[in-house]
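*Asks:* For the record, the sequence lines run as chains R and A. Just so we're aligned: the first sequence equals residues 4 to 145 in this note's numbering. Just so we're aligned: the second sequence equals residues 95 to 526 in this note's numbering.
Take these hints with a grain of salt, some might be off.
Said to hold, decoys possible - What follows is a set of in silico ranges between Cβ atoms, one per label pair, in the way DEER data are often shown:
hint, chain 1, residue 1, chain 2, residue 2, range
1, R, E97, A, H490, 25 to 33 Å
2, R, E44, A, E294, 57 to 65 Å
3, A, D442, R, E44, 39 to 47 Å
4, A, S494, R, A105, 52 to 60 Å
5, R, E101, A, H490, 47 to 55 Å
6, R, I5, A, N501, 34 to 42 Å
7, A, E402, R, T42, 29 to 37 Å
8, R, D121, A, H490, 51 to 59 Å
If you are wondering where the hints come from, they were derived from the structure by calculation, not from laboratory data. C-beta atoms are modelled at their ideal positions from N, C-alpha and C, and glycine is treated no differently.
So the chains spell out like this:
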Amino acid sequence: MIIKQLSVFLENKSGRLNEVSQLLGDAGINLSALSVADTSEFGILRLIVSEPDKAYQVLKAADFSVKLTDVVCLNSPNVPGALAKALNILSSEEVFIEYLYAFSMDKQSANIVLKPDDIQKCIQVLQKHQLELVKASDLYKI
Amino acid sequence: MIWNEKIECASRDEMKALQSERLIDTVQRIYHNIPSYRKKMQEVGLVPGDIKSIDDLSKLPFTTKQDLRDNYPFGMFTVPMSEIVRVHASSGTTGKPTVVGYTRKDLNTWAEVVTRTLCMAGVHRNDMVQIAYGYGLFTGGLGMHYGCENLGASVIPISGGNTQKQLQLMQDFGTSVIACTPSYSLFLAEAMEEAGIKKEDLNLRVGIFGAEPWTEEMRREIESKLGLKAIDIYGLSEVIGPGVSCECEHQRGMHINEDHFVPEIIHPETLEPMPDGEVGELVFTTVTKEGIPIIRYRTRDLTRLIYEPCACGRTLVRMEKCKGRSDDMLIIRGVNVFPSQIESVLLDMSETEPHYLLIVEREGNLDSLKLMVEVQEQFFSDEVKQLEVLRKKITHNIQSTLGISVNVKLVEPKTIERTAGKAKRVIDNRKL
Ligand SMILES: [Zn+2]
Chain R
4 MIIKQLSVFL ENKSGRLNEV SQLLGDAGIN LSALSVADTS EFGILRLIVS
54 EPDKAYQVLK AADFSVKLTD VVCLNSPNVP GALAKALNIL SSEEVFIEYL
104 YAFSMDKQSA NIVLKPDDIQ KCIQVLQKHQ LELVKASDLY KI
Chain A
95 MIWNEKIECA SRDEMKALQS ERLIDTVQRI YHNIPSYRKK MQEVGLVPGD
145 IKSIDDLSKL PFTTKQDLRD NYPFGMFTVP MSEIVRVHAS SGTTGKPTVV
195 GYTRKDLNTW AEVVTRTLCM AGVHRNDMVQ IAYGYGLFTG GLGMHYGCEN
245 LGASVIPISG GNTQKQLQLM QDFGTSVIAC TPSYSLFLAE AMEEAGIKKE
295 DLNLRVGIFG AEPWTEEMRR EIESKLGLKA IDIYGLSEVI GPGVSCECEH
345 QRGMHINEDH FVPEIIHPET LEPMPDGEVG ELVFTTVTKE GIPIIRYRTR
395 DLTRLIYEPC ACGRTLVRME KCKGRSDDML IIRGVNVFPS QIESVLLDMS
445 ETEPHYLLIV EREGNLDSLK LMVEVQEQFF SDEVKQLEVL RKKITHNIQS
495 TLGISVNVKL VEPKTIERTA GKAKRVIDNR KL
């Protein structure tokens, strides 16, 4: 259930994002999801890729500051209020979310990547409430 | 006016005789009172009797800032603490500050040399002197203060900062002499402009500027903006503080009070004395100080000595404006900064060797310090919040270590140029 997300430190200057995707593309690594968190000075690029460990080595070899972070991915029905419901459950069970981002695969559902403070507890809570978690192997394949 | 004509206009032979007599006495005192000096002399097989005149000065071992740190706080004082009436300390170095102590006689000497320098600058007893150097552990404020009082000028002991108050008193009290760092004088000029105060509204006549390097270009700018004569003064706490040397009205090099502080110029690497008139590292030996006499202190300032007589009538040797440093020390807003200090702050925050680049700029008229730090894996968190915390922590730690503000920018690894594997640490864009 745990997904390895790749986090890359980027200065806010043009062309760096291209460089990352080029490097991964050349290594035959596919991107499943991507999100950028930034300030005026720097940003953190977060990626879900087909081969996280290989991607880590590729970017590290190219002198990027890169890290593998454990996250979970929730598959949520594409209906109003679904995300709010899941988040309410987590917060009432005292699981805190440091950040999240979502991407839609089809019209029926959305994938929501969550970085909780306590990943084991987060998984337990979601399972207890029958919320659907995406398997790592499925996600890497997208 | 020449304050002490007998000394300041003495012939070279008279000066050398005086220096010789005083050096012999100083060497006796340090040999018998300071174990670290005695040990150094013994290591090169010297006894006090070997020093017969000032020409023997170059036989003596050097003293560095590190010696003062190693003997922190009072290990190099030659007299019992009961004889010490004041201590000063300089900050801006890693770990321990360097501490200096003054006896009653030392304070009198200090006042005397500062008074001489004020006269060189053209200050007289009718002047109203605003001292905008910091008062406190730093020698600038109090050093100037007692010299001015000794001269009989009126002192405004306002200390550093508080620009609005500075301007107000300059107007209300009719300040005729300002003493501060050269960069602060330009800052004052800017503040005047903003406040709509013209130089004609003020009574400024002379500015005594020191504690940081400045250029002839800055001098012209200061003189035209403030309507005064800008005089360069030099000093360092290890020798005494301000008043080691100062320009006269001809502004052609700073006359050294060499009856107290004997200068030499050495090659910074071979450490051999340089031929007369050549540029090298300035070294001082104090020959009258009691609290903390210092033998062949390496200032790290690069300059040359001018022995030709000066148009002002003084025969005191002159030193040119300093041309740089023989180490990597930077002087930023009057504060001594070593890149190694930044390095140790960063090292304290992580396990591995940090990569950083210091960029010093003069924005407007104030020095600014920018620090680029490579976000290596040990620093990298995948949360923006954590990186912001990191940036703030670096900023804070450096500020509290150096005492000056710094603008920290996090950059990607290998962004900072490396030459032969070693990173370039400092870019000084101030063009001094
Ligand atoms: Zn002169």
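*Asks:* Which of the listed hints are not met by the structure?
*Replies:* 2, 3, 4, 5, 7, 8
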